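Here the protein sequences come in this chain order: A and B.
The first sequence lines up with residues 1 to 522 when you count with my numbering.
The second sequence lines up with residues 1 to 522 when you count with my numbering.
Hints were generated in silico from the structure; no laboratory data involved.
No experiment lies behind these values; they were computed from the predicted model shown.
Just to be clear, a hint being listed does not mean it is correct.
Taking lysine to aspartate or glutamate pairs in the EDC-like style, the calculated list, with each CA pair at most 20 angstroms apart, reads [to be verified]: (1) B:31 - B:427; (2) A:80 - B:381; (3) A:496 - A:29; (4) A:80 - B:380; (5) A:80 - B:476; (6) B:80 - A:34; (7) A:317 - A:29; (8) A:80 - B:127; (9) B:80 - A:29.
Here are the computed distance ranges between Cβ atoms for each label pair [as the list claims (entries may be wrong)]: (10) B:456 - A:46: 57 to 63 angstroms; (11) B:263 - A:32: 28 to 34 angstroms; (12) A:49 - B:428: 56 to 62 angstroms; (13) A:87 - B:56: 38 to 44 angstroms; (14) A:450 - B:442: 35 to 41 angstroms; (15) B:40 - A:382: 35 to 41 angstroms; (16) B:260 - A:382: 31 to 37 angstroms; (17) B:36 - A:87: 52 to 58 angstroms; (18) B:252 - A:35: 37 to 43 angstroms.
Every residue, glycine too, gets a C-beta built ideally from N, C-alpha and C.
Number of protein chains: 2
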Amino acid sequence: MKTFVFAALIAMCFSLNAVQHDMAYIKWEDKHQDLLKSDNQKVNEKLRALEKRFGKKPNIIYILADDIGWGELGCYLGGKVRGTPTPELDNMADEGMKFLSSYSEPSCTPSRIAIMTGRHPFRTGVDGVYWPGSDEGLPTEEVLIPQLLSKAGYKTAMWGKWHLGEAEKFAPENRGFDYAYYTVYNGAPFAWVDVEGHYEKETVPGSAFFYDFPGEKKYDEQYGIALQGIYQAKKGQKRKEVAKLSAITMQKVEDTSAKEIIQYIKDNAKSKQPFFIYWATLAQQLASSPKDYRFEKNVDSRNNQAAELGQHDTNLKKILDTLHDQGIAENTLVVWISDNGPMYAFWPTSGYTWLRGGKGEVYEGGVRIPGMAWWPGMIEEGQDPIDLIQMTDLFTTAARLGGVTDDIPNDRVIDGIDQTAFLLMGDGHSHRNFIFHYNGNHLGAVRINDIKLIIKGTGGSIPEIETYNIKRDPCERFGKLYPYLWMVQPAQDLIKGHLQLIQKFPNRKKESDSQSTFGPHD
Amino acid sequence: MKTFVFAALIAMCFSLNAVQHDMAYIKWEDKHQDLLKSDNQKVNEKLRALEKRFGKKPNIIYILADDIGWGELGCYLGGKVRGTPTPELDNMADEGMKFLSSYSEPSCTPSRIAIMTGRHPFRTGVDGVYWPGSDEGLPTEEVLIPQLLSKAGYKTAMWGKWHLGEAEKFAPENRGFDYAYYTVYNGAPFAWVDVEGHYEKETVPGSAFFYDFPGEKKYDEQYGIALQGIYQAKKGQKRKEVAKLSAITMQKVEDTSAKEIIQYIKDNAKSKQPFFIYWATLAQQLASSPKDYRFEKNVDSRNNQAAELGQHDTNLKKILDTLHDQGIAENTLVVWISDNGPMYAFWPTSGYTWLRGGKGEVYEGGVRIPGMAWWPGMIEEGQDPIDLIQMTDLFTTAARLGGVTDDIPNDRVIDGIDQTAFLLMGDGHSHRNFIFHYNGNHLGAVRINDIKLIIKGTGGSIPEIETYNIKRDPCERFGKLYPYLWMVQPAQDLIKGHLQLIQKFPNRKKESDSQSTFGPHD
């Protein structure tokens, strides 16, 4: 009987000419037909009314922050407690919706893939973070959200940390963005620098083992990697290096990005076309100290990371203010979210989280991240929903808002779920009760409702599994291999269906840049 | 030179006919004369104006909760996240002041001593928690805050868990309270019971090792301890046992206490005398599930602890509402605070904290506790100060509010600091930059400004010390034996002065009840 139902579900899912979801969602959908119907009706009504009022689809701004943990912002019990005041981010949460259960991939490149493609990175052939000098990139067969939104008539632009491949064929201007101002790297070349742009030479407790670093100007010579600078690019045109890479330059990228974004909003506020902005800010990964923000907002002058947060916090406010000033706040969804948990390797100037683990791990500290959504008039203020939302959902939700859900390719599994109903109606309206936590190609954990299984391996006669009730034990302290079928079986079923669909839709192969001096590798 | 200053300070402190503070405070005081003067002036003005308006000193209500960790309440990122909604406690915080750095002693009896005497328990000869059957009690030479406030003309009353000795000479009605309704025990005889008052027989994950417990009615026979029931008492009269001890009785104690408190407030609202209420609620130590609150407020029906919090949350609101209804909210300080961190022995129905460790430890999880102060018109709403406050401070602050600071005996060290300025003016006005964390008679940790030293022993050639920056690392993950003098020396100086004063004012000896069937022991 059970097999029959399962087969019927698979048949059903393949017969629809729609988004190819994971089996976990298909099962959820099957059980929640009434909620789905009612949610869809309400969402359609709200979006239609809005489109009538503004004469176009809503603008979308996604701000992806870097390594900011669950517990860093004031509104997540950080702020004063951690010496990292974030009054404007807190204010954004007050005016909108603060996610208590928003989840990312466990590191930088993977989360960028998730938000751009709506897919867990392992499906795309990418299994980790790109390091400077890599010739690989996100395979060009992947369809990115700016490509879809361009089809829907959106103007698209990105600022900040691309990190999806160094070669031009992987670059944002060739992957759907009309305009881009970016670096191809993570913080590796710039981190641990003082205000003058030199590697830290002062006595910073805990950073003593970095003393041997060369001055930043010697980086290229030292490691044989010709670092690429800051690029500016327009769709279809050759990108220009507008600044050389240095610690000082990087400190200015945040402010320059914010200034350009504000101008972009002003230029496009009255346009017939809506816009999509993707701001992948480097705050707070640089772990450097922007000079102008060192002594502001009660930030301890020795605390580089807090100064970076302060800089970002100030810029965020300017952007939200601009939306109000231009009269388009009510037609603009702004989502702010972190790409993963804190990177403790940067300690003592790293971020922090209340949770167990950090960046690179599938424990909550690596993947449960601060996130909020702001949309005056559409998202009721002062909400803090506990329902689940995952980074991939931002892809599918943007497609729905842009009216291009039908353009999402259905020859691949899309992990993202349309969460428009959740954004517009809050708790009780998330269409997700599960998460697959991948670390590279390894399925590291699954969550279904409150139960999470950490999958460590199959070392002995029984699987090495830790079972947590994330609601009772958010810090994952009391993991046990529970003998209770009711606790583990739902997760087992989830994994079974998930793996069957992977066989049907195999993961993509890696793609590299044949022009690279390093040559392709796999 | 340094020795000279130190000697001068000691001389100064002994020459004053005032509260005998710890050397740590005397040094702080010496450096902050201007702030103290200005704070005192403002506090005096505010209190004088209030007394003029109401014709009496302010009422004081201290609510001491049981084992509620930093991270359990909604306003400490618990609530929805943990499945323990506390809307009314959150509301109290919104309307007043939420302490981000309030500290208790690490367990029940010690925190009760701290709030009642203003002294760290080790000074009073008490080194731990009383277990049912103990003949010891808080030495009767200790002067309790209800005794002082009685002198000031206050009516004094207490409800809940006394836990400072079983014998009558140690009982609240003989220690300064006009009225008391109480149990002498901690939760040991009642915990782990189901709604019907029986020990849990169902399959509760994690509690399997309790299956061998006898039914609760057999407790006396089983352990040879004649359990005392719920007492009601008036000053100078013999106490009456108004209910036998059972799990069902205990579940009703919370509601009965709240009802009596509300009636007491009504009866005394218009009195010429102010009142002092000390409510030592058993919520949430029972880890049982009050039937009426099981399904309220989205509480998971299996979650006993959340049901208990729900019950307390509901009662708290009724009390605050009564103060408003009676027109005395603006003349009543209400402080709500937990006695220590979570007791994980009760897992999975225990409390929780974001911090490291729990009850019985001097890591933050044991001693950093939720706390708030509420006083409409006097305490500005919406504050969340990060400045330090310690349980002993509640003694000294109550004495100041009652105008009986001069009656505090000066033949002993008082650890509590008058924090009236902090309550009335918030961050920047705490008169404390240090804490001594004792665990029994062992000085387990000291905190000065952001730096905390965990003192583990002197095992080898160097002291076993962990050094934390509590602001950067509130979970105490990156402890090191730092070689930096600037980091460790202030704490060393703190300890030195502290120990010198202990030599001058030796700790009291234990006191026991000679009537006890067990006889005295030391």
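Here is how each hint holds up against the structure:
no.	hint	result
1	B:31 - B:427	holds, 18 angstroms
2	A:80 - B:381	holds, 17 angstroms
3	A:496 - A:29	holds, 17 angstroms
4	A:80 - B:380	holds, 18 angstroms
5	A:80 - B:476	holds, 17 angstroms
6	B:80 - A:34	violated, 25 angstroms
7	A:317 - A:29	violated, 38 angstroms
8	A:80 - B:127	violated, 34 angstroms
9	B:80 - A:29	violated, 25 angstroms
10	B:456 - A:46: 57 to 63 angstroms	holds, 59 angstroms
11	B:263 - A:32: 28 to 34 angstroms	violated, 49 angstroms
12	A:49 - B:428: 56 to 62 angstroms	violated, 49 angstroms
13	A:87 - B:56: 38 to 44 angstroms	holds, 40 angstroms
14	A:450 - B:442: 35 to 41 angstroms	holds, 39 angstroms
15	B:40 - A:382: 35 to 41 angstroms	holds, 39 angstroms
16	B:260 - A:382: 31 to 37 angstroms	holds, 36 angstroms
17	B:36 - A:87: 52 to 58 angstroms	violated, 30 angstroms
18	B:252 - A:35: 37 to 43 angstroms	holds, 40 angstroms
When held up to the earlier numbered hints, the structure conflicts with 6, 7, 8, 9, 11, 12, 17 and fits the remainder.
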